[in-house]
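Q: All chains, please: the whole structure from these sequences, using the hints.
Chain residues, written in single-letter form:
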Amino acid sequence: MSKPNRSKLWFLVHSWLALPVWFFLLIICVTGTLATVSQEIVWLANPEIRASQPDADAPRLSYSVVMERLKQQVPDIFVQSLHRPDEDHFALNARVSYPDGRTLTVYVNPYTGVIQGESPTFNFSQFTRALHGWWLMPFTNGYSWGWYLVSFMAIPMLASLITGLVVYKRFWRGFLRPRLRFNRGARVFWGDFHRLSGIWSIWFIAVISITGIWFLIQAVLGDNQVTISTEGIPTFIAREDIPLTDGSAAKQISLDQAIVVAKQSLPNLNPSFISLPGNAYSPILIYGRGWYPLMGQSALINPYNGAVEKTRSLSDRSALEFVTESMRPLHTGDFGGLWVKLIWFFFGLILSFMVLSGMLIWTKRTVQTSLALTQKHAKKAHITPILSAVKGASHE
Amino acid sequence: MRKTIITIACCVGSSFFSSAWAHNPICECNAVTQTEIECIGGFSDGSTAPGVTLDVIGYDEETLLAGQLDTNSRLRFQRPEQEFYILFDAGPGHVVEIDHAEIETP
Amino acid sequence: MNNKSTLPFKKWWLKWRFHLNILLVLIPLGLMPSYLKDAALFRGDTGLGEREIGLVKVGPWSITLAELRDDIPQQDGPAGYLKSINAALCLACEDQVKATYLRLGKPRNIRTAGHIFFGSPYRMGTSISIPEKTQSDALVWITMEGWDGSLHQASLPLTQVSPKTVAWLEKRGTAK
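Top line first, the protein sequences correspond to chains A, B and C.
Under this note's numbering, the first residue of the first sequence carries the number 1, and numbering increases by one thereafter.
Under this note's numbering, the first residue of the second sequence carries the number 1001, and numbering increases by one thereafter.
Under this note's numbering, the first residue of the third sequence carries the number 2001, and numbering increases by one thereafter.
Some clues are possibly wrong.
[As the list claims (entries may be wrong)] Pairs of lysine-lysine residues, derived as BS3-like cross-links and limited to a Cα-Cα distance of at most 27 Å, are as follows:
1. A/K310 / A/K251
2. A/K8 / C/K2011
3. C/K2057 / C/K2106
4. A/K71 / A/K251
5. A/K71 / A/K263
6. C/K2164 / C/K2037
7. A/K251 / A/K263
8. A/K8 / C/K2010
9. C/K2015 / A/K8
Bear in mind the hints are in silico, worked out from the structure with no lab data behind them.
Predicted model, so just to flag it, every value in this text is computed and none were measured.
A: As structure tokens, then:
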């Protein structure tokens, strides 16, 4: 194939990759962008989720004290887990169960331990994640069909990135000579916008599409019962190791004690998630991140005698796990606090506009130019087949 | 429950819990010879079960063999004369029972 | 590139692809009601499960059971068919009960008591395996273990626990 024809081919592949399902892809990008800052949006709208400090030097309560305060407010409350979000301006999330059977997340002030409110049935954060991640389609038997649909789009996205860079001749020059012409009409503007934002988003599009492809692989592995996990067998407290009592529940150590024990094995542990035992034979789970922002460590503590049943640190992961466990935080941008989220949000917006601008360029340029070409050069053999395909498309 | 676990996994940003709901115990036992049985244990997410207790217990509740799965998640043993059942015991409430009648002689 | 537009699939694709887009976008709109319904279900706003089984007395204690989904069992790969059951302990006994198990058929001993419940005493869940050759007259056994080592049991027919499961077993021809 001659050189002009080969570039034309790359260009056509680039144009066609997103086109057939561009609207679907656009909504995925928009919902993903929203999801990145969904917690912040809720924070703005709902004061109950804020960690309002009563006065400037009020200290954050320890987990044990938070538990005590919760039990004082609702004596029969059963706390399943406590989660401290990355950013300090958020209240604690406590997953609790009430005697009437309702089991939900409540927002707890980290300075006073007061239950400020309940997470609503329509939880905006969870909703945007469900919409973006699996198109709201249910997980009935394994991974949701929506998960497959959405993650599959990462493949044309990555291909768009690669073909885009191939057709944008000497794209690196765009870094030094940015061009965004406002005065030459919409087609030129969107073309410039698409190219300019494209080259500055190369890293982001690569991260999003590669991590998206991992989600696809993850689903395929999961649904075929293939695991790459080196976690090992589940940990339970043996029946003979639990003290028999006079009939009431055996005493458990406090969360603060559990954290002290966990930190002896994992000195870098900064506990952000504590799961209380799900039944009498389960350990306390303490999870948190150390210096590495993309992955955490965990310790399983015997609730009766405070022994460390198991730990899982960064070095316990295999090389493959190290890479794959880093994928999700890289995709969502929730590993570095508010500023990283804002960067992800900004580039998410750019990416959404790239999908939009790509479509606008296609409509204005490819169709119109192709139609013009048809009229002028209908007899040129190597253009006709391409044109007929384009003409067919332009009938939409 | 599953969705909650997945949501928590999303909040925590780790894949720690994503295996929790698909982590049901599995055990398969087959007669490999006239006298020997081999059991392979694991979990429904595909992970293996090395070191997990596998006991062969007679109907009279006498433990005929107190075994453990090897590093390949397997255990091979002589088929007992009497009626028995096999218990893959990964923890309280996390067991698989296989009755001797389910293991056909080859 | 030649003659591609004459291929029937290609023609169909070119004609309908934007409609497919709209269809794809309509999916989550159509799924909103069931998403909200599921959210309420998992929160416990609509009860212990989609179908309440009822209160069962187990020795000095009692427990309320419910099917999480009013449906047939779901297959979990090689683990076989599983039915998710939710339970709530009697409020007075919640401090005395160490663990609760469910099993199809009478357990031989405490080690074979069955599948253990996870969660809070007000709303805990487990999944019991339904072997494919389960008979329609099978009994579901509840075993409750006290902190003092005591054991209490009760049973109820599978037809009462999950009528749809029994119907499914009979339809498969494995149950009689």
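Q: Is it true that the CA of C/K2015 sits at most 27 Å from the CA of A/K8?
A: Holds, because 24 Å separates the two Cα atoms, which is no more than 27 Å.
Q: Has the given pair, A/K8 with C/K2010, been kept, meaning a C-alpha gap of at most 27 Å?
A: holds, 20 Å
Q: Just to be careful, I want the Cα atoms of C/K2057 and C/K2106 compared with a cutoff of 27 Å; is the pair within it?
A: holds, 16 Å
Q: For a C-alpha distance cap of 27 Å, please report whether A/K71 and A/K263 respect it.
A: holds, 26 Å
Q: Need the status of pair A/K251, A/K263: alpha-carbon distance at most 27 Å?
A: holds, 22 Å
Q: If you draw a straight line from the CA of C/K2164 to the CA of C/K2037, is it 27 Å or shorter?
A: Holds - the C-alpha atoms of C/K2037 and C/K2164 are around 21 Å apart, at most 27 Å.
Q: Does A/K71 pair with A/K251 here, judged by a C-alpha cut-off of 27 Å?
A: Given that 27 Å is the threshold and the Cα spacing comes to 16 Å, the pair holds.
Q: Measure nothing beyond the straight line between the CA atoms of A/K8 and C/K2011; if it is 27 Å or shorter, mark the hint as holding.
A: holds, 22 Å
Q: If you draw a straight line from the CA of A/K310 to the CA of A/K251, is it 27 Å or shorter?
A: Measuring from Cα to Cα gives roughly 21 Å; hence the hint holds.
When held up to the earlier numbered hints, the structure conflicts with none and fits them all.
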